[in-house]
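K.L.:
Listed below, chain by chain, are the residues.
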Amino acid sequence: MEVTLTVNGLARTLAVEPRMTLLDALREELALTGTKKGCDRGECGACTVHIEGRRMLSCMTLAAMQHGRQIKTIEGLEHDGALHPLQAAFIEHDGFQCGFCTSGQIMSGVAMIDEAKAGWPSAATADVAKPFSLSDLSNAEIRERMSGNLCRCACYPNIVEAVAAAVGRR
Amino acid sequence: MHPFRLSRADDLAQAVAAHAMDGQAAFIAGGTDLLGLMKDRAARPERLLDINWLPNLARIADSPGQRYGQFHEDRAPLHRAHSVQSARCQCRAGPSWHVGGNGRRSLDAGQRVPNGTRQSDRLRVRSIEGHSRAATYETARASWIGARASSGPRGDRDSCAARTLVPSAPGSAKL
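In order, the protein sequences belong to chains V and E.
Reading the first sequence from the start, the letters are residues 1 to 170 in our numbering.
Reading the second sequence from the start, the letters are residues 171 to 345 in our numbering.
Just chain V, with the same shape it has in the complex (with noise of 0.2 Å):
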């Protein structure tokens, strides 16, 4: 199937079987290899990439099925060669070690803060009755909202550090 993807800006079109995953097209067909294979099975978040702004596990999806849409990596983050301020805080607050969950990390937290800006409540919201804004944003939202994102090195505290500083609440 011929599909055409707007992936960081650039319009690519190319040919993919309707079983390729999103992830397999982005890395074996763009060699945007940014985006890691981890499980492969929707559990550990190393895949994320934003469809249309939102997060997205890419192993889940299908290239075929996001045909005309805009995709976002971990490649199309930095601006003129600066680096996002939440890629900067995960080096400030040494927020990985191997690296390997890093990219889906940012990824998602990027458009985690987003969701939290949008006032979008979580599992760990108090009271989702009363709309949602970024100073709400404890260390407990923030775990909650990036559980999602499995890191074996186990930097949790690192990340949470990061992504409060990317805020700024510290």
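Careful: at least some of the hints might be erroneous.
What the hints assert, rightly or not - Here are some chain E residues pointing at chain V (derived, C-beta under 7 Å):
hint	residue
1	Gly201
2	Leu205
3	Asp220
Stated by the list, open to error - Every beta carbon over 12 Å from chain V, so not counted as near; a handful from chain E, in silico:
hint	residue
4	Asp181
5	Ala183
6	Gln184
7	Ala187
8	Ala188
9	Gln194
10	Pro225
As the list claims (entries may be wrong) - With a Cα cut of at most 25 Å, we get these calculated SDA-like pairs of lysine to any residue:
hint	chain 1	residue 1	chain 2	residue 2
11	V	Lys72	V	Ala31
12	V	Lys72	V	Pro85
13	E	Lys209	V	Met1
14	V	Lys72	V	Cys98
15	V	Lys37	V	Gly76
16	V	Lys72	E	Trp223
17	V	Lys37	E	Arg211
18	V	Lys37	E	Arg214
19	E	Lys209	V	Asp40
If you're looking for bench data, these hints aren't it; they were derived computationally from the structure.
In this text, a Cβ means the ideal position worked out from N, Cα and C, and glycines have one as well.
Fit chain E to the supplied structure of chain V, relying on the hints for placement.
P.N.:
Structure of chain E alone, referenced to chain V:
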């Protein structure tokens, strides 16, 4: 994954009819469960109907069951607009808002215990993995077929939202 055909459903009535006519067809929405089963070869549909583009499913019905469209982009305001208790249940049902990670996108909020059901399905498949792989696939496949036969018009786990549409006649089906 085995090869299959993929087509985009642009019309709800046509999608329901196509699914009803083709015994080897499955709806795909979020894909969280279906793709995992297909990767394990526990599910082998010959044809996938992508229902993500159906405009009807972005709608909200203010009914006693508080049925939301499965693809509504931002449910948070809905949760507030409807009962707080219901919102609590929904927010606490899954581990995060991570779309694709917990199947939230493919679930209909009108279902009472969707996550519990699906989690037990996963655990069942996974617990079987301790035994021989052949047994895994056959047993998983058997449970898949059993689910198809027993849980609704088509029993397709990845189309639980679509299933809720079926009570009204195809063509008049609306959320």
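K.L.:
Hint by hint, note whether the structure agrees.
P.N.:
Against the structure, the hints:
no.	hint	result
1	Gly201	holds, 5 Å
2	Leu205	holds, 6 Å
3	Asp220	holds, 5 Å
4	Asp181	holds, 17 Å
5	Ala183	holds, 21 Å
6	Gln184	holds, 18 Å
7	Ala187	holds, 21 Å
8	Ala188	holds, 16 Å
9	Gln194	holds, 14 Å
10	Pro225	holds, 15 Å
11	V:Lys72 <-> V:Ala31	holds, 14 Å
12	V:Lys72 <-> V:Pro85	holds, 16 Å
13	E:Lys209 <-> V:Met1	holds, 20 Å
14	V:Lys72 <-> V:Cys98	holds, 23 Å
15	V:Lys37 <-> V:Gly76	holds, 18 Å
16	V:Lys72 <-> E:Trp223	holds, 20 Å
17	V:Lys37 <-> E:Arg211	holds, 19 Å
18	V:Lys37 <-> E:Arg214	holds, 23 Å
19	E:Lys209 <-> V:Asp40	holds, 9 Å
Checked against the numbered hints above, the structure breaks none of them.
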